[in-house]
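Colleague: Residues per chain, in single letters:
Number of protein chains: 4
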Amino acid sequence: MTTIGVGLIGTGYMGKCHALAWNAVRPVFGDGPRPRLVHLAEVTADLAARRADEFGFERSTDDWRVLIADPEVEVVSVTTPNAFHAEMAIAALAAGKHVWCEKPMAVALADAERMAAAARASGRVTALGYNYIQNPVIRHIRTLIGEGAIGEVNHVRFEMDEDFMADPAAPFYWKSEASSGYGALDDFGVHPLSLIQFLFGGISRVMAQLCMPYADRPGGDGGRRRVETWDIASVLLELTNGASGVMALNRSAWGRKGRIAMQVFGSRGTIAYDQERMNEFQLYAVEGRASEHGFRTVLTAPVHEPYDRFIPAPGHGLGFNELKIIECHELLRAIRGEAAQIVGFDKGLEIERAVHAMARSHHAGRWVEV
Amino acid sequence: MTTIGVGLIGTGYMGKCHALAWNAVRPVFGDGPRPRLVHLAEVTADLAARRADEFGFERSTDDWRVLIADPEVEVVSVTTPNAFHAEMAIAALAAGKHVWCEKPMAVALADAERMAAAARASGRVTALGYNYIQNPVIRHIRTLIGEGAIGEVNHVRFEMDEDFMADPAAPFYWKSEASSGYGALDDFGVHPLSLIQFLFGGISRVMAQLCMPYADRPGGDGGRRRVETWDIASVLLELTNGASGVMALNRSAWGRKGRIAMQVFGSRGTIAYDQERMNEFQLYAVEGRASEHGFRTVLTAPVHEPYDRFIPAPGHGLGFNELKIIECHELLRAIRGEAAQIVGFDKGLEIERAVHAMARSHHAGRWVEV
Amino acid sequence: MTTIGVGLIGTGYMGKCHALAWNAVRPVFGDGPRPRLVHLAEVTADLAARRADEFGFERSTDDWRVLIADPEVEVVSVTTPNAFHAEMAIAALAAGKHVWCEKPMAVALADAERMAAAARASGRVTALGYNYIQNPVIRHIRTLIGEGAIGEVNHVRFEMDEDFMADPAAPFYWKSEASSGYGALDDFGVHPLSLIQFLFGGISRVMAQLCMPYADRPGGDGGRRRVETWDIASVLLELTNGASGVMALNRSAWGRKGRIAMQVFGSRGTIAYDQERMNEFQLYAVEGRASEHGFRTVLTAPVHEPYDRFIPAPGHGLGFNELKIIECHELLRAIRGEAAQIVGFDKGLEIERAVHAMARSHHAGRWVEV
Amino acid sequence: MTTIGVGLIGTGYMGKCHALAWNAVRPVFGDGPRPRLVHLAEVTADLAARRADEFGFERSTDDWRVLIADPEVEVVSVTTPNAFHAEMAIAALAAGKHVWCEKPMAVALADAERMAAAARASGRVTALGYNYIQNPVIRHIRTLIGEGAIGEVNHVRFEMDEDFMADPAAPFYWKSEASSGYGALDDFGVHPLSLIQFLFGGISRVMAQLCMPYADRPGGDGGRRRVETWDIASVLLELTNGASGVMALNRSAWGRKGRIAMQVFGSRGTIAYDQERMNEFQLYAVEGRASEHGFRTVLTAPVHEPYDRFIPAPGHGLGFNELKIIECHELLRAIRGEAAQIVGFDKGLEIERAVHAMARSHHAGRWVEV
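Chains as they are written, first to last, in the numbering used here: chain A, 393 to 762; chain B, 393 to 762; chain C, 393 to 762; chain D, 393 to 762.
By construction, these hints were calculated from the structure, which means they are not laboratory data. Do not take every clue at face value.
Claimed, not checked - Just so you have them, the derived chain D footprint on chain B, three or more residues with Cβ under 8 Å:
| no. | region |
| --- | --- |
| 1 | 416-423 |
| 2 | 593-607 |
| 3 | 702-708 |
Virtual Cβ for every residue (Gly too), placed ideally from N, Cα, C.
Isolated chain A, as found in the complex (with noise of 0.2 Å):
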């Protein structure tokens, strides 16, 4: 296999993202096939072929079906919004393509089981856009842990945190409604629990609150519409590991543009990192004498691998862009049949399945089994 034909739907936020990595991740990478970028669908032709010409892509369509039936597409990555993810990688799978899907899988946990069936069916790879997991930070992070360098894991503490709900006075949209999921449970908490999920395995139990910090907001029409999920999400967990775990969620956080905290408790010795901060992560190890002792703030270097296909000297930082181009080269692995980081939908339904287990731990005001 030399080339790998592409095909993407979507072009929005995600769409750019995955169509940069596209165009990247042979260069950076040098090796497994070269993308060829054959097909490219959004809502209208003249958006189709605009966004066909600027990203490299040969041809462009208005509907999706007719990307997903062209024989030179290979491998076609899933954009759109959560509404049509379910949909479209079924349908991709059933062309025998394999599918790189963002997240979150679905809104219903039903379409969710219905993409991991169609997958395993399928015998395709399928990879979801769970990109933190790709930091070097992170996986170094998680080869710290495996080493043992902080001990036995015994309590974690992940806060995801951004602003974009915080002004009470935006108007109502989409975000604000139902139909849209939990709001910061699935919104955010998916992100989280890959991490959760890449560095611990799984959640037994969870135990949620959910709340509302603005009842309603401006509607259309000059009047008041009432919110319909919830900006603000605290659960408690047990790893199926035997920690314990907290993890706090909230879209309404005024100052936080992308907040992802983690702390990592330990035996030995103790984890922490912010995707804020995302080329740096803090280690206290319990080693030397005490006099000395202190959390290390230890910067991305070629040692973390896969930075040196970046950058051969240290300290001079990757982009949130560039883990979609790892993410990307972790699929393309995949595809070849190599091991790989990825979450398959299979590793991706666990995630739905926590976070409606939340959900109902909340309405039910007591732990809930996963």
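Once you have looked at the hints, place chains B, C and D on chain A.
Modeller: Here is chains B, C and D on its own, set in the frame of chain A:
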């Protein structure tokens, strides 16, 4: 009243801290009665005499009842182990003394209730050692919240972490015994709870998860002894003001030494603080144009009262011990009948009630009203 | 002009960085000519062919003169060792190509002067690889300074520190040879000087101190070899705008990986920045009441152009390589005759002159005019 | 010696700081003679009496010579404006008193020389108020350097910045008068110089640049008055141990409140410190594998002496005023004939000589030997 006679029971960590405060309060503030250091009690006559000499007390005793009976003692500092607080404080109040008692009030809720009742009956001033609320930074944060600087508060997060229980190889000692209390919940939780009370008022509902990172520890006899307290506690909160919250406590958190981190989210901004950097706080206020929005690191300054009583220049920093001097001054203000920021036994009892409600919620696996 | 033919000479650290930029610039910005990757040159035909395949170039050669003679090549990236810059750049200009040359221009000032003369004579666009000025954060800082956000700038401090020369046990290599230049002064100094030029304009007087932390290093033969370059340089500055400054450079600074720290002091505020956290800057502006004054940590956001071309959400972070994409886009703008922020050979020569004046001031032990 | 009689001249910023230290030193350290607060002098009898009452002194006077003549006074704190230091200190020494004098010694070098001569002739103990060297963090850094934790020190950088002269609209006052000294150089420079002396020994050569950010300021009469001192000073240094250095001072640095930042570069590591976060330091030591190398943030702990005399728990933090208590304790140790870490008049004179050499180098535009 030009002088006030002081008695001090106990000279350990907090006992010395009280002694330093009694020596410093008048030179720092330059007002109020001059403390006359009259009587000091310790477990042996020899130790009592030595500490009296060091701390500048006129006389000493190995019988705290003698101290309480001393007619020249007008206010008594109780800094002994928690199990003794109730008996000593109640006796002192009965003898007509004002009482400055270290936190927590007592191990058993019934004892705390008896203390509050005794305080009410006595008409004397009581103050508990919740010194973190005395930090000029915390006081200023309260002012900011009261002014609406961050709008209406809708969510809070508190963490308190230290690592003195983090080493699994450390031998079993009394902090792992059930007789000492629940563990992190009362050992630590009362501090964030004092801040919550000071900044926001009361708590209405709680849901806690208590965890033991280490099931047993080395006993004195070469064997292992089963741990009876929970070093980790995570709590979901509902405040009486309608805000939701999370409180996460860990006294096995390697690398954390005196961390009391809080995040306060409001409709117009966010405030963050960490006791390990107690001379600064972070403020994000939505004002001015977006391109310069960011968390401001505000350093303590004379404008943050009563920092100016210690140092006339900003950014030079107060120490932990100096919070106790401010607390001592507030106590003296209360004794003089002036408005003062202290946690009396009545308000301390509310904190105890919250702690015990948390423990009940853990065992019940559901929300508990405070 | 719908496409532009690109030639790349050299594929090391910066060569790959150029290749990534040429691949990404059109998908990211969506405007300008589409780069057509025509020709790549390396030292051996085999390496050249391999890299051409990886980076997506149509053809390759082991003779850079062949690349320059290629009529389909319209712009040439020169990323070879510094000693080759002058010869290659001048040849490319003579062949009518635009030139994108890595920094520093040349080792000898005479070579830099010849390059500038060639650029002027050619009428072609030249750009030097001073990518740090392309950071949206740095651009926004320039905007702020221009708007008077911190008043009149009266003092600046720049530090650039890395640790690749910090190990005294590391063997002697070419960076310790006099033929490589002065050491930190040209290896590092040109970066802060590019920032000074971009933000403030020129430098009028300098006074430098050059230091060798290690007089000799292990030679290849088991003996020691005398070091001929200065790994540390400290410089007092007078800027043409009247401000004073300090520039401190150290390529033997253990623990510093990519630090370029700057502090800009003005009559109304202060701005601070550190390249190791390249997605944020610190702003202290004198406004509002004093009790909330503090340095604001401003995270990069779409409002800081052209961050929005990469990511529509704030606080997600660009990487070092992405600065090169912006630089590439500026180069293309200049080629199209639009206003662009690049350091052409004329402005690059000013930087070189400052470096050489610093070296002279060190030897003379007195101030030197630039 | 069970008590020591104390006299205090001046009760401003530093005078109060001395008074607090005299009150606290015995309760904190529990050893040495008990200070007996005998006599206090201020400019008016009324103010003297009031401060004596507040600070706990037995008697007071408006004539400092009366205080010095008091036979019960054994040690005199001189905390008056700099211009009075020489006269008072010399008189006190002549009267057989030990002298604790605030920094800087004097405005004129000749006065400092007379003070040092008087100290030598008297056989009494003298100590200057260089309290920053008393920080347990700084002491521990000295220990680390002495142990070779960062190898051989080859380069240092010191910055001291505050903003009390930063506002150009602030009226002219005595700090802008030539009679007050050079400006930042003596006002600030002596503090970093005391740290350099404490940590590394002496300075051999200096080259300074002095700058006036504002040429004139509002006078009292509605007009403008020409500024005569330099608020900014930047200095290149050569230390007697062979290391090079930079010292940058700015008392017009908006946003800096008590910044004394130092970076110490060695052949095996780096240490960094900032007085604005005086309870921590940064250590980068080359040990262990590279993938976990990073600057460690070490929080003050009981193991960093004499922190344990204040607080038995780590990470709780000392304040600026508490450095003065340690300084007072060192003075008492010296008086008892024990080894002590103080800057006597002899070592203070070295600091003054460095300052004056810097001023000469500025005017000469070349290096000056100290």
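Colleague: The structure should be examined with respect to each hint, and the outcome stated for every one.
Modeller: Tested hints:
no., hint, result
1, 416-423, "holds (count 5)"
2, 593-607, "violated (count 0)"
3, 702-708, "holds (count 7)"
The structure shown violates just one earlier hint, number 2.
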